[in-house]
Amino acid sequence: MKKELLSSLLLTLVCIIFFCVVYTGIVYIIALIGPNKGEGEKIATKNGKYYYANLAQSFSADKYFWSRPSAVGYNAAGSGGSNKGPNNPDYLADVQKRIDSFMAHNPDVKKSDVPSDLITASGSGLDPDISIQGAIVQIPRIAKIRGLSQEAVKELVSKHIDKPLLGFLGPEKVNVLKLNIDLDNLK
Amino acid sequence: MNAELLGVIVMFVATLLLSVPLGRYIAKVYAGDRIWTDVIFNPVEKLFFKLSRINPTKEMTWKQSLTAMLTINMIWLLWAMFCLTNQSWLPWNPDHNPSQTPDQAFNTAVSFVVNCNLQDYSGETGATYFSQVFALMFLQFASAGTGMAAAAAVFNGLKERTTDKLGNFYNYFIKSCIRILLPICILIATIHAFNGTPMTLKGMDTITTMQGDTVHVSTGPVAAFVAIKHLGTNGGGYYGANSAHPLENPNYFTNMVQMIAQILIPFAMVFAMGFYLRRKKLAWVIWTVMTIGFLLLVIPTVISEVNGNPQIAKMGVMQPNGNMEGKEVRFSSYATAFWSIATTVISTGSVNGMHDSFMPISGMNMLLGMMVNSFYGGVGVGFLNFFVYLIIAVFIGGLMVGRTPEFLGKKVEAKEMKIASIVALLHPFLILVFTALACYFASHNTNMGWWFTDASGKHGASGWLNNPSYHGFSEMLYQYTSCSANNGSGFEGLADNNPFWNITAAIVLLFSRFLPIIGPVAIAGILAQKKFIPESGGTLKTDTGTFGLLILAVKVIIAALAFFPALALGPLAEFFGMK
Numbered sequence: 001m002k003k004e005l006l007s008s009l010l011l012t013l014v015c016i017i018f019f020c021v022v023y024t025g026i027v028y029i030i031a032l033i034g035p036n037k038g039e040g041e042k043i044a045t046k047n048g049k050y051y052y053a054n055l056a057q058s059f060s061a062d063k064y065f066w067s068r069p070s071a072v073g074y075n076a077a078g079s080g081g082s083n084k085g086p087n088n089p090d091y092l093a094d095v096q097k098r099i100d101s102f103m104a105h106n107p108d109v110k111k112s113d114v115p116s117d118l119i120t121a122s123g124s125g126l127d128p129d130i131s132i133q134g135a136i137v138q139i140p141r142i143a144k145i146r147g148l149s150q151e152a153v154k155e156l157v158s159k160h161i162d163k164p165l166l167g168f169l170g171p172e173k174v175n176v177l178k179l180n181i182d183l184d185n186l187k
Numbered sequence: 001m002n003a004e005l006l007g008v009i010v011m012f013v014a015t016l017l018l019s020v021p022l023g024r025y026i027a028k029v030y031a032g033d034r035i036w037t038d039v040i041f042n043p044v045e046k047l048f049f050k051l052s053r054i055n056p057t058k059e060m061t062w063k064q065s066l067t068a069m070l071t072i073n074m075i076w077l078l079w080a081m082f083c084l085t086n087q088s089w090l091p092w093n094p095d096h097n098p099s100q101t102p103d104q105a106f107n108t109a110v111s112f113v114v115n116c117n118l119q120d121y122s123g124e125t126g127a128t129y130f131s132q133v134f135a136l137m138f139l140q141f142a143s144a145g146t147g148m149a150a151a152a153a154v155f156n157g158l159k160e161r162t163t164d165k166l167g168n169f170y171n172y173f174i175k176s177c178i179r180i181l182l183p184i185c186i187l188i189a190t191i192h193a194f195n196g197t198p199m200t201l202k203g204m205d206t207i208t209t210m211q212g213d214t215v216h217v218s219t220g221p222v223a224a225f226v227a228i229k230h231l232g233t234n235g236g237g238y239y240g241a242n243s244a245h246p247l248e249n250p251n252y253f254t255n256m257v258q259m260i261a262q263i264l265i266p267f268a269m270v271f272a273m274g275f276y277l278r279r280k281k282l283a284w285v286i287w288t289v290m291t292i293g294f295l296l297l298v299i300p301t302v303i304s305e306v307n308g309n310p311q312i313a314k315m316g317v318m319q320p321n322g323n324m325e326g327k328e329v330r331f332s333s334y335a336t337a338f339w340s341i342a343t344t345v346i347s348t349g350s351v352n353g354m355h356d357s358f359m360p361i362s363g364m365n366m367l368l369g370m371m372v373n374s375f376y377g378g379v380g381v382g383f384l385n386f387f388v389y390l391i392i393a394v395f396i397g398g399l400m401v402g403r404t405p406e407f408l409g410k411k412v413e414a415k416e417m418k419i420a421s422i423v424a425l426l427h428p429f430l431i432l433v434f435t436a437l438a439c440y441f442a443s444h445n446t447n448m449g450w451w452f453t454d455a456s457g458k459h460g461a462s463g464w465l466n467n468p469s470y471h472g473f474s475e476m477l478y479q480y481t482s483c484s485a486n487n488g489s490g491f492e493g494l495a496d497n498n499p500f501w502n503i504t505a506a507i508v509l510l511f512s513r514f515l516p517i518i519g520p521v522a523i524a525g526i527l528a529q530k531k532f533i534p535e536s537g538g539t540l541k542t543d544t545g546t547f548g549l550l551i552l553a554v555k556v557i558i559a560a561l562a563f564f565p566a567l568a569l570g571p572l573a574e575f576f577g578m579k
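These protein sequence lines are chains A and B, in that order. FYI, in our numbering the residues of the first sequence are 1 to 187. FYI, in our numbering the residues of the second sequence are 1 to 579.
Since the hints were made in silico from the structure, they are not lab data. Worth double-checking, as some hints may not be accurate.
Claimed, not checked - Partial selection, computed: residues in chain A whose CB lies under 10 Å from chain B:
#1 Lys3
#2 Leu9
#3 Phe19
#4 Val27
#5 Asn36
#6 Glu39
#7 Asn54
#8 Pro86
#9 Pro89
#10 Ile132
#11 Gln133
#12 Gly134
#13 Leu148
#14 Glu151
Said to hold, decoys possible - Rough simulated footprint, nothing fancy, chain A against chain B, three-plus residues with beta-carbon under 8 Å:
#15 3-14
#16 158-166
#17 187-198
#18 214-226
#19 306-312
#20 438-445
#21 525-535
Yeah, the Cβ is synthetic: ideal placement off N, Cα and C, and Gly gets one too.
Excised from the complex, chain A in its bound form (with noise of 0.2 Å):
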């Protein structure tokens, strides 16, 4: 017994060692050749600040493509979902409660374009990403409010869709945060 808990001891040091300092140092190290230096990937700005490519911000203005809804208030140092369950009354007036801002900010769109992944909340709360019929149906509005054309918006989303890994697996997808870069951009 005395024998199994000096050998336990040492083996739990070694493998503190080797796990943590040694593997850890090696992912590091490896991290530091990638992009970014394992800091995750960021799109620098104008004024030579930068913004997380990966991480949904508030995009509340009427100028501005929305990102969906976020339980924790794009908290990305809290990150977390509503767990809501399906029919919970309380969720479900949440969603109402969107839908209703939603038509209320886009008159000129019909509620059974609405996708529900623009009035439902992310799991992490700072999903990066809509839909494209979640970009589709913000068109509109933001054409009118920014005096451009519809088509013009329109062909700035189009660019914007990120296709399916490899073109055949998995979803289709637009970063809102890309979008609205380039939106400003657009003259």
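Following the hints, position chain B against chain A.
Chain B in isolation, oriented as in the chain A frame:
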């Protein structure tokens, strides 16, 4: 065929194609055969044995193996408790996170030791870089290695010979960690680092958004963590949102890699058994039974998620992507629904969508996956759980056709059956008794005193539910099922970070981890000592389709009889209430 469905099918097929060669490799590692990787790993391994004064050739009896396993697990538990309760002053705390409370640290330490990774804290605020790496990630390696070592000992006990030795536990443990987990982890971590998962020690970043808001961004050594989290079927996320978080799981490709990583070893262990014991046909029978069970759960789940929520359809909007509450656009309903069942039939418990917001039928299938707990199952222990059902099926089958129950040339007798029955019944016992207890408190809104305080400072037990009615019941049922299956996913709406849930969950975790390891290892040890009887015309054949069906029937009967009433009160009632 649409791209989203195809993505899911490719994930499954790719896992199978990778797991057969990996199974052959694992069998060679445990048998001690020479492999091409010896050049790198032999010196590392020798160093391990030398520094920890272990003689890997000294064989152990099943009792010695279990003593070694329990001793080292005890040390790990204390180490993790120490890290978590002192993390505020330990190094590597750039975000200045506080230490965990004793009950929370107890829950966290236990759940990482037992390979469950139930997380009553949120990674961004509840753990420091030091704790994440030196306590949690360390345990993700160690607990996976423990499960695999136990399975290796069982493989050894099933060989065609008579002995009282099952090999050396430490040897199996170290080999599992170094030769199997480590190299694959480095590969997975690299893929993640190159796809936008952070791997940095810089601490929290602050950015200004396009609309001018200031946002703090949690980063950290995520890539290293995510790799072993899935490969070891641990499932504890670096971030609170787990693999739904866009930094932890940035795109569809990383999602596929994580998905394959978590099913890979559970598949491969079955094939490893086949190669190790030269019973390839038995391995395929076992794999097929597991896969039938998996498909029976995953197909209805995908359908119900893709069809969306009828309550939202009533509001007049379209649901082209299905039920999107708690899901991410980059994965779609198909991949998220597939993941939810894969993560529950295996004991990973990582999530890429919030299970609490899934449709009732999906919730029921996740629960069933954990209730059966051996349609694949966790690394190592999945095979052990299946082994228990196998012994029961051998016994029942033997009695039905009037033959002596035998498995791989060894007689199965009363003692082994008693152990198998206790292990099989422990699981429903733990789940149902504790759920009943929690339900009693919640339905009477009992004043829980210091055991529970909700956000507004009240002590009423009903405050721990995030959803009313049947779904609230499901939240409690899910929590204990997840604990007893050592899964770690949750209906996260449940307010579980308080002494009541932390402590009761930890108790369930400890029992449900170690008894189901002790039981099968003991059975294997007892069987190994028995005289080997060569196969004859009177032997009940265990590698046939008929026997496979019998195992499936045994599982379904045990699970259905034990859990149907509880499921009827939770997800089924919710489902029928929705129409």
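Exercise. At a threshold of 10 Å, is the proposed contact between A:Lys3 and chain B supported by beta-carbon distances?
Worked result: Holds: closest Cβ of chain B sits about 8 Å from A:Lys3, inside 10 Å.
Exercise. Can A:Gly134 be said to touch chain B, with a Cβ gap under 10 Å?
Worked result: 8 Å, holds
Problem set entry | Claimed coverage, the segment 438-445 of chain B by chain A - three or more beta carbons nearer than 8 Å | violated (count 0)
Problem set entry | A:Glu39 as chain B interface residue, shortest Cβ-Cβ below 10 Å | 5 Å, holds
Exercise. Going by Cβ atoms only, is A:Glu151 closer than 10 Å to chain B?
Worked result: 23 Å, violated
Exercise. Would the stated hint for A:Phe19 survive a check requiring a Cβ distance to chain B of less than 10 Å?
Worked result: Hint on A:Phe19: holds, closest Cβ of chain B at ~5 Å, below 10 Å.
For this session: May I ask you to test the interface hint for A:Asn36 with respect to chain B, counting a Cβ-Cβ separation under 10 Å as satisfied?
Result: Holds, because the Cβ-Cβ distance from A:Asn36 to chain B comes to roughly 8 Å (cut-off 10 Å).
For this session: Double-check A:Leu148 for me: the hint is only fine if its C-beta lies closer than 10 Å to a C-beta in chain B.
Result: 18 Å, violated
Exercise. Is the hint on A:Pro86 kept, meaning its closest Cβ partner in chain B is under 10 Å away?
Worked result: 5 Å, holds
For this session: Closer than 8 Å, Cβ to Cβ, for at least three residues: run that test on the segment 214-226 of chain B against chain A and report holds or violated.
Result: holds (count 8)
Exercise. Should the hint that A:Pro89 touches chain B count as held when the rule is a Cβ pair under 10 Å?
Worked result: The hint holds - A:Pro89 has a Cβ within 10 Å of chain B, the shortest such distance being about 7 Å.
Exercise. Holds or violated: A:Ile132 as interface residue toward chain B, Cβ cutoff 10 Å?
Worked result: 9 Å, holds
Checked against the numbered hints above, the structure breaks hints 13, 14, 16, 20 and 21 and satisfies the rest.
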